[in-house]
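Novice: What follows is each chain in one-letter form.
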Amino acid sequence: MSDPERWISVAGGAAITAFGLRRRSLGGLALSALGAAIVWRGASGHCHVYEALGVSSAPDDDGGHVSVRYGRGIRVERSITIGLPAPEVYSFFRNLENLPRFLSHLHSVTVIDAKRSHWVTKGPAGSKAAWDAEIINEAANELIAWRSVGNSQIDNAGSIHFKAAAGNRGTDVRVVLRYDPPAGKLGAAVTMLMGEDPDHQIREDLRSLKMLLETREIATTDGQSSGAPARSRFREALSHLVR
Amino acid sequence: MKAVCWFGKTDVRVETVPDPKILNPHDAIVRVTLTAICGSDLHLYDGYIPTMMAGDILGHEFMGEVVELGSEVKNLKVGDRVIVPFPICCGRCWFCTNGLWSACDNTNPNAWMVEEMNGFSGAGLYGYSHLYGGYAGGQAELVRVPFADVNPLKIPESLPDEKVLFLTDIFPTGWFAADNCDIKPGDIVAVWGCGPVGLFAQKSAWMMGASRVIGIDRFPERLKLARDACKSETINYEQIEDVHDLLKTMTGGRGPDACIDAVGMEAHGHGAGAIYDRVKQAMRIELDRATVLRQVLYCCRKGGTVSIPGVYGGLIDKIPFGAAFAKGLTLKMGQAHVQRYIRDLLGRIERDEIDPSFLITHRVRLDDAPEMYRTFRDKEDGCIKVVMKP
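Chains A and B, in that order, are what the protein sequence lines are. Residues in the first sequence are numbered from 1 upward in steps of one, following the numbering used here. Residues in the second sequence are numbered from 1001 upward in steps of one, following the numbering used here.
Keep in mind that the hints were calculated from the coordinates and are not lab data. One or more hints might be untrue.
Counterexamples of contact, computed for chain A against chain B with all Cβ distances above 10 Å [what the hints assert, rightly or not]: (1) Val76; (2) Gly83; (3) Ala130; (4) Trp131; (5) Glu214.
Listed next, with one range per pair, are the computed distances between beta-carbon atoms [stated by the list, open to error]: (6) Glu1115/B to Asp222/A: 14 to 22 Å; (7) Val1078/B to Glu97/A: 32 to 40 Å; (8) Arg1013/B to Ser104/A: 31 to 39 Å.
Glycine residues also receive a C-beta, built at the ideal position from the N, C-alpha and C atoms.
Let's have the full structure, built from the sequences with the hints guiding it.
Specialist: Here you go:
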């Protein structure tokens, strides 16, 4: 970690701790614990989150099909079990135009040819980012790997793996994603605290994929009745709380 | 429509709110004909469950008539009379298809919050905070019912609302608590709490073949109901020195074969442990008052089973886990898998093996909800169970 980042950690963590303690609630307690962890991270120069995400200055020996340069970017890996046979999950995903149905930050995917497609996302604060991607490796019912090509605004690469789950539970779906966010590592770390946490996002997107494939709908309460006039959604309230 | 809304600690109001809409293809809208206040609603009323928001509609025990169906609901028709289980389940995931309904993977839109707290999230629940999905509850004139193709149970016209309403929660919850005890002929079952779940647990324990059932509480009207309606022996813990000693004496020194904690996080109790919990809970350092949990672990016989239908919500101090380990106890707990039991239990009601309406003490209108929450919380006026007609 760099020195400015360490100082930002100490100051930001202290602020979150103070805010959390003021709230005198379980959420506040959790927040203050988070704040304390960030203070420690700044003071020690060691970040468990970076460690968990695989962000490091050391060369990466993953050897996968990645386009993001070694030692740069953020790596996220998550898995989920979906109660359908691997060929069904694979073919749903391989039809790339299905992706915006469960990837909440994706606006659209347009297939150009067998390998290439055009992706448009919804970024933070209403911004948009777009790039072309190409499939660089695929094995029917097992694996799809892709990377961004050309002059993309977000360099990224990823793979999704499909494997029969033990005990006839369907398919273990594992996603590995690497990307270089617009403002580098520090930008992503700050973005994460603002509620645009890439690891959280992948977990939520995989959960949506599971819901869509297992139940043909994604659970929601958006638009339901409430006694609060002009009520803001809870997640928005929560992100204000973190800010 | 009118609905009972939560606005803060001990602040519950009847408000006019927009009618619910179909939001997903497996939804239905149900016109509520009867709803109840649950003991676990009191944890919300007293502000012990985090992530409630002003305006949230309360209530998870409700039944009514189907008035609208989503495009994918084929097994119900408008006009059907149904009870609706309190856990919202998809009926398709590994947990639902293996009988672990309340652990459903696919119905909590806010599962990530529970994952942060507990590692994993179970099913969404009606009117029980945003941790459990923030679904609008059924203490209202109308309610949206997700996955209406798997959750509601049709009720024969011959059975009145009051006999079947408690299939939504407290009867199957009490039954689940007794089922978790794996009761064998000759077993002695002790039940802490003679509120609705405790009373149903006692009835269920008898139906499963227990040889003796002991109910423990401090409110005379609840103990009387345990004796009269459930034929249980009773202990008023305020009138004796020590529950453990008395239970030991009553059971030939062995202790009960199974102990059920039908009280949960807001135990009253007395003595040093109870004061310790009260102080910590008031300071919000600890969410739960664990007097009963400590007692069940301490009182249960060696190799016995402790079953916990009472709700706990967070971290708890001073649990005699050494006693649980030393005696080799089996611990079973959790939200009841209501959908696993309701067909069987409906059959038992139809055959007159049980009439669950025995514990209703208050029949009121939805408008009376704010007053009834207070009455129920303070155990005034002999209040054991409140049902409300919208």
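Novice: Would you list, in rising numerical order, the hints stated earlier that this structure does not obey?
Specialist: 2, 5
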